[in-house]
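Residue numbers (this note's numbering), protein chains in the order written: chain A, 13 to 357; chain B, 13 to 357; chain C, 13 to 357; chain D, 13 to 357.
If you are wondering where the hints come from, they were derived from the structure by calculation, not from laboratory data.
Note that the Cβ used here is the ideal one computed from N, Cα and C, for glycine as well.
Incorrect hints may appear among the rest.
Which bits of chain A does chain B cover? Going by a derived footprint, with three or more residues having C-beta under 8 Å, they are [claimed, not checked]:
{"no.": "1", "region": "112-123"}
{"no.": "2", "region": "225-236"}
{"no.": "3", "region": "292-304"}
{"no.": "4", "region": "323-333"}
Cut-off 27 Å, straight-line C-alpha distance, at most; resulting in silico cross-link-like pairs (DSS-like, lysine-lysine) [to be verified]:
{"no.": "5", "chain 1": "D", "residue 1": "Lys172", "chain 2": "A", "residue 2": "Lys28"}
{"no.": "6", "chain 1": "B", "residue 1": "Lys172", "chain 2": "C", "residue 2": "Lys28"}
{"no.": "7", "chain 1": "A", "residue 1": "Lys155", "chain 2": "B", "residue 2": "Lys317"}
{"no.": "8", "chain 1": "B", "residue 1": "Lys63", "chain 2": "C", "residue 2": "Lys39"}
{"no.": "9", "chain 1": "D", "residue 1": "Lys228", "chain 2": "C", "residue 2": "Lys317"}
{"no.": "10", "chain 1": "C", "residue 1": "Lys163", "chain 2": "B", "residue 2": "Lys28"}
{"no.": "11", "chain 1": "B", "residue 1": "Lys155", "chain 2": "A", "residue 2": "Lys228"}
{"no.": "12", "chain 1": "B", "residue 1": "Lys28", "chain 2": "C", "residue 2": "Lys28"}
{"no.": "13", "chain 1": "C", "residue 1": "Lys39", "chain 2": "B", "residue 2": "Lys28"}
{"no.": "14", "chain 1": "D", "residue 1": "Lys28", "chain 2": "A", "residue 2": "Lys39"}
{"no.": "15", "chain 1": "C", "residue 1": "Lys317", "chain 2": "D", "residue 2": "Lys155"}
{"no.": "16", "chain 1": "A", "residue 1": "Lys228", "chain 2": "B", "residue 2": "Lys317"}
{"no.": "17", "chain 1": "B", "residue 1": "Lys163", "chain 2": "C", "residue 2": "Lys28"}
{"no.": "18", "chain 1": "A", "residue 1": "Lys317", "chain 2": "B", "residue 2": "Lys317"}
{"no.": "19", "chain 1": "B", "residue 1": "Lys96", "chain 2": "D", "residue 2": "Lys96"}
{"no.": "20", "chain 1": "A", "residue 1": "Lys28", "chain 2": "D", "residue 2": "Lys163"}
{"no.": "21", "chain 1": "A", "residue 1": "Lys28", "chain 2": "D", "residue 2": "Lys39"}
{"no.": "22", "chain 1": "D", "residue 1": "Lys63", "chain 2": "A", "residue 2": "Lys28"}
{"no.": "23", "chain 1": "A", "residue 1": "Lys96", "chain 2": "C", "residue 2": "Lys96"}
{"no.": "24", "chain 1": "C", "residue 1": "Lys28", "chain 2": "B", "residue 2": "Lys63"}
{"no.": "25", "chain 1": "C", "residue 1": "Lys155", "chain 2": "D", "residue 2": "Lys317"}
4 protein chains.
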Amino acid sequence: MANEGVYYSDYLQLDKILSAQQLESDKEGHQHAHDEMLFIVIHQSYELWFKQVLYEVGSVIDILSQPNIQDNSPDLFIANHRLKRVVTIMQVLIDKINILETMTPLDFLDFRNMLRPASGFQSIQFKLLEAYLGLKMDHRFGKEYYVSQLKPADVEIIKKAEDKKPLIALVNDWLERMPFFDKKEFWPGVDMNEPVHPFWKTYDSIYSESLVQGEKFNLSRFEEIMLAAEKKPEWSLSPKARRSALFIMMYRDYPLLQLPFQLITVLLEIDEHLATWRYRHMNMVHRMIGSRTGTGGSTGKQYLKGALDSHYIFGEFAELTSFMIERHRLPVLSSALRMRLGFES
Amino acid sequence: MANEGVYYSDYLQLDKILSAQQLESDKEGHQHAHDEMLFIVIHQSYELWFKQVLYEVGSVIDILSQPNIQDNSPDLFIANHRLKRVVTIMQVLIDKINILETMTPLDFLDFRNMLRPASGFQSIQFKLLEAYLGLKMDHRFGKEYYVSQLKPADVEIIKKAEDKKPLIALVNDWLERMPFFDKKEFWPGVDMNEPVHPFWKTYDSIYSESLVQGEKFNLSRFEEIMLAAEKKPEWSLSPKARRSALFIMMYRDYPLLQLPFQLITVLLEIDEHLATWRYRHMNMVHRMIGSRTGTGGSTGKQYLKGALDSHYIFGEFAELTSFMIERHRLPVLSSALRMRLGFES
Amino acid sequence: MANEGVYYSDYLQLDKILSAQQLESDKEGHQHAHDEMLFIVIHQSYELWFKQVLYEVGSVIDILSQPNIQDNSPDLFIANHRLKRVVTIMQVLIDKINILETMTPLDFLDFRNMLRPASGFQSIQFKLLEAYLGLKMDHRFGKEYYVSQLKPADVEIIKKAEDKKPLIALVNDWLERMPFFDKKEFWPGVDMNEPVHPFWKTYDSIYSESLVQGEKFNLSRFEEIMLAAEKKPEWSLSPKARRSALFIMMYRDYPLLQLPFQLITVLLEIDEHLATWRYRHMNMVHRMIGSRTGTGGSTGKQYLKGALDSHYIFGEFAELTSFMIERHRLPVLSSALRMRLGFES
Amino acid sequence: MANEGVYYSDYLQLDKILSAQQLESDKEGHQHAHDEMLFIVIHQSYELWFKQVLYEVGSVIDILSQPNIQDNSPDLFIANHRLKRVVTIMQVLIDKINILETMTPLDFLDFRNMLRPASGFQSIQFKLLEAYLGLKMDHRFGKEYYVSQLKPADVEIIKKAEDKKPLIALVNDWLERMPFFDKKEFWPGVDMNEPVHPFWKTYDSIYSESLVQGEKFNLSRFEEIMLAAEKKPEWSLSPKARRSALFIMMYRDYPLLQLPFQLITVLLEIDEHLATWRYRHMNMVHRMIGSRTGTGGSTGKQYLKGALDSHYIFGEFAELTSFMIERHRLPVLSSALRMRLGFES
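Can you build the whole structure from these sequences, using the hints too?
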């Protein structure tokens, strides 16, 4: 074997990993604060995982950035698998807050002031992740404060990341150009390109009937965002992509649509996990510092609450749920199409 | 052995438990919806655990309702243990949402309309729990809607529960009357009864100095709610109880205060877990029905969001964190008092 | 709406669910043991979920028992989805042990003797689950003890369940008869029916080369169980089914094999979760009663340890991992076959 | 503020942390294996947390190594708090296995052979943790193999750690010398030093009566290990320490014993979590490599199984549960002693 010399601690570069904990409270003039080690280790652990998450999301972006994704290639299968891994990682990141909560506010006070003005807000990797997924600088809560807290070089890194197409835009493109969706002749009886196609007219009318009192406002919303001809600039998803997505969600049982359905689902799970992470993080900060300001000078909980409410990324997918109709009312697909949605046998 | 005949299934009355699943979609005129079974079982499981939580919280209320709690009795130890159990249960109730999320919106649609107007909103046990802890009818979000959705007999049950002193009021009383706190001679150098006592003046001044720019507003808040002579009607905690609680949180290392500190901590954990439960529940509902109305006719997510923001119960304890000072700046206690806070040796 | 009268507590039959907790320690001549309520509620909750798990596994058995499963039907997709749900439920059942562990051994002693000879061992639903999955009476650890502890009627229920084909046998059949696998002409260059087919000869030789010192014994095992012509009676899987499964695991990236791969994976996850559940249960019992006997008179931990080691059900799938070869050494499939493993475009 | 310059990424030394991932499969002559990044990151994350766990356990060892622990100092409170934190961390380490399980065996094969002979077995920190807690080199499963796999310098590090008193020995000492236990006059009616003291004679006789058929063997075990005058060399706990521990477990409701009870409990939780971690790790390895050998040349699962069964550290505490008697049968303590077990009022 060529690399006979591989040894565990060398392979993992543990000399670097395990020597990177330098407590501020151990510096001259301060008193050792026992819990600062935990504070450092948990943040380093978070950053390690952010690196992994960026690596996975980045690889999915690469897959979806290819000029043409073959539906018979393993591409989508792999993309889906990696995004599910991201969800699994996020679940652990959420649970990990339990560890930080073993630090009491009093113990945090022992070193909190020594950290100013550093703050978790300055995690570039987390901001990169938001950018990779699709959050724009202009939509960030407290944008000015945001820019003021980061080194200019770090602001540049994030801006540059925002220049590239984020995941949500690539998913929009994929929904629009899915090869089989582009071939009109593949789809007898359905057309994603035409909002006025009979299929969508039928759908519109069934949907309208399914709404109970107090939900009627959904119909105009459906027509506005699903049946429009053009994408509005503030939308992440085009009406065409939305129609594809809704079709996938409704007819997901057919083999061809199973994987696309899983992909849409995993995007929603990522958003939901990010939201839960933000929420638990906000509560933890509140419990730790109350109404004091964050070490970075932010308003602490108030800032986090702003981000919580406005940083959803895949909300436009979540909204599609409002437009579903019951399975037994679904327009029946032609047998020709049904065969195409399966394998040839 | 007297009860030689105990048999597992009889003991657990499994004939009742396992025969209580009657699907609406199995009734005449409907089509069997596979996932309705899950929907029923998970709600029954929640209700079983709500019963357990009410049983535990109710027993703690009984303990704290005794005219005089001996600090040397196991009472507080037991109360604390049972509230920690409640937190452990809540953690599982939160994780259990993962199970319900395996039901897709499309599968829910198969039977959702058959349930109207029933809704999880009608869970009397959950509302009793809120009442036991200290939420008043008048502070409930959407109070009118609330009353309209319940059978009058159920409204009565909750009102009646609100007539009794809830946990937070009993904790307030306990903080005020803790036997050792009531004996002035026990506490050389500290007095919880007197906001103008030298101890609190010193504390006030240290606290004032510890505030950085942008936190100064906390000082007037401190003086308003901590150093007031009287409790305002809208407060759950009296200034005196707050002073006791803050003292406990700051000097928690002394044996006498360790258990009281754990008790305050577990109350905060209950609030935090309830909040996480509400938040994940809200997100799950949003994912399941989007902007449709709930089966009970509520605005779905909007209602849940209102409850999320306004149903905190122990927030006044959380706020105390804002008033902490660093350990090394804490007023030193007299040696006479320090001995009293420990065991005699 | 037809069923206007649906009310939450009626729908869930909470009158039955919430009235089924009768403490032995509340009966005459005993003293109320606070924690017995927890003991009852957690076991009832487990039984509720066992009912749900049996419902899901039973429905998958029904699906796989159909004479012919169309690969283009949603059958496999649904089966897979439901088995994943079972895994999610099991995860919660495992975490729920945390709740029972809040009961200390001393508190358990307050009512433990009143339960004799009832024991969790008598959970018929759990034994049915094992039978549904594929555990045979004859392979159960401590078979005689087993039969002695149950009411004869309950033994009958389990025996009857074992008469039907369990999940593992149905999966074996499915692997053998997967429609496309049955058509020789579908598979240019591969044949699951023929262990001496060139494809398998090539595989055998690549596999042989991949084994490092100390693993060589795997080769004869490979030839014995994978390349045999006949299934031995003690095997759950036939060599033919094993070849299909291994092929699926190695070439899982192709669309046609993605879902089958997920299905095999979820079976392994079920086994792993069952094992973790048994292990944590065993440790919990050990902590609760030490070397005392169980209430049912069993040897407590010793019995559970026996079951832990011998009640694996899908171990023959796990073993297939030993026979994998590196992706880049895999025999390349013919382009004709590769096209068939995808969708027609 | 003095350290105005603190910046998040500098504070956490992210340049070191995030540059320490060098894939073997990215080296010349190999092909990039996507999942190797995950493999590196998860192991680095584990090592970060092992460092934290060692830091916490090490600090508890320092506390308990003091010549005399004051029962009125915060020492025990802090020790207990930090060991609970260790349990919380371990819970996350266990859940984190879910992340590694998203790597399929096929994906692992892409780089597995490049790692030989490195293996997780070479984690010095994990072995140090075992040594800190109390596992001796001589009791390690497969001792010879063990030594052969490590660099001599690493073997030295572990041996040196074993020279110091481990946690279990310090806990034994603490149980023996607890100040109040050393004062005979403090304990009217009980004596931990004298196994033939009337208290223990009474206990012995009550215990004997409480045993049901099939448990009688426990009585001689009780007398052998609890009532012996001397500690046997192979025991971790002396009979005297065991008597103290049993007394604490039985009379834990008294204020003086509440914290000692929590300490014993948390040791058992650490053992239980370590065991669960080992078990899930073993199953994960089995699923990943089947009956192949580990990269380090070990027998993989077989080695892990050996360690699983023999590396329990606090088993002698767990055994005490076998010797409990029901609360209502407990010898009643004198009122003089009962007062001493509380606070003076």
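Results for each hint:
Remark: the region 112-123 of chain A is confirmed as covered by chain B, as 5 of its residues place a Cβ nearer than 8 Å to a Cβ of that chain, reaching the required three. Coverage of a stretch by a chain is defined here by at least three residues with a beta carbon nearer than 8 Å to that chain's beta carbons; for the region 225-236 of chain A and chain B the count is 4, and the condition holds. Residues of the region 292-304 of chain A with a Cβ under 8 Å from some Cβ of chain B number 9, which satisfies the need for three, so the listed coverage holds. Judged by the Cβ-Cβ criterion of 8 Å, the region 323-333 of chain A is covered by chain B as claimed, because 4 of its residues qualify and three suffice.
Pair hint Lys172(D) plus Lys28(A) holds up; C-alpha atoms about 23 Å apart against a cutoff of 27 Å. For the hint linking Lys172(B) to Lys28(C), the alpha-carbon distance of about 23 Å falls within 27 Å, and the restraint holds. A hinted pair counts as satisfied when its Cα atoms are at most 27 Å apart, and Lys155(A) with Lys317(B) qualifies at roughly 25 Å. The suggested pairing of Lys63(B) with Lys39(C) holds, with an alpha-carbon distance near 20 Å, which does not exceed 27 Å.
With a C-alpha separation of about 22 Å, the suggested pair Lys228(D) and Lys317(C) falls inside the 27 Å cut-off, and the hint holds. Note on Lys163(C) and Lys28(B): the hinted pairing holds, with a Cα-Cα distance of about 19 Å set against a maximum of 27 Å. For the proposed pair Lys155(B) and Lys228(A), the alpha carbon gap of about 25 Å is at most 27 Å, so the pair holds. With a CA separation close to 6 Å, the supplied pair Lys28(B) and Lys28(C) stays within the 27 Å bound.
Between Lys39(C) and Lys28(B), the direct Cα distance comes to roughly 20 Å. Compliance with the 27 Å bound is thereby established for this hinted pair. With a C-alpha separation of about 20 Å, the suggested pairing of Lys28(D) with Lys39(A) holds against the 27 Å cut-off. Between Lys317(C) and Lys155(D), the direct Cα distance comes to roughly 25 Å. Compliance with the 27 Å bound is thereby established for this hinted pair. Note on Lys228(A) and Lys317(B): the hinted pairing holds, with a Cα-Cα distance of about 22 Å set against a maximum of 27 Å.
A hinted pair counts as satisfied when its Cα atoms are at most 27 Å apart, and Lys163(B) with Lys28(C) qualifies at roughly 19 Å. Among the hinted pairs, Lys317(A) with Lys317(B) is consistent with the structure: their alpha-carbon atoms are about 13 Å apart, no more than 27 Å. The hinted pair formed by Lys96(B) and Lys96(D) meets the criterion: a straight-line CA distance of about 14 Å does not exceed 27 Å. Our distance criterion of 27 Å between C-alpha atoms is met by Lys28(A) and Lys163(D), whose separation comes to about 19 Å.
Of the pairs offered as hints, the one joining Lys28(A) and Lys39(D) holds, with about 20 Å between alpha carbons and a cut-off of 27 Å not exceeded. Between the alpha carbons of Lys63(D) and Lys28(A) the distance comes to roughly 13 Å, so the proposed pair stays at or under 27 Å and holds. Of the supplied pair hints, the one linking Lys96(A) and Lys96(C) holds, its CA atoms being roughly 14 Å apart against a limit of 27 Å. Between the alpha carbons of Lys28(C) and Lys63(B) the distance comes to roughly 13 Å, so the proposed pair stays at or under 27 Å and holds.
The straight-line distance between the Cα atoms of Lys155(C) and Lys317(D) is roughly 25 Å, inside the 27 Å bound, and the hint therefore holds.
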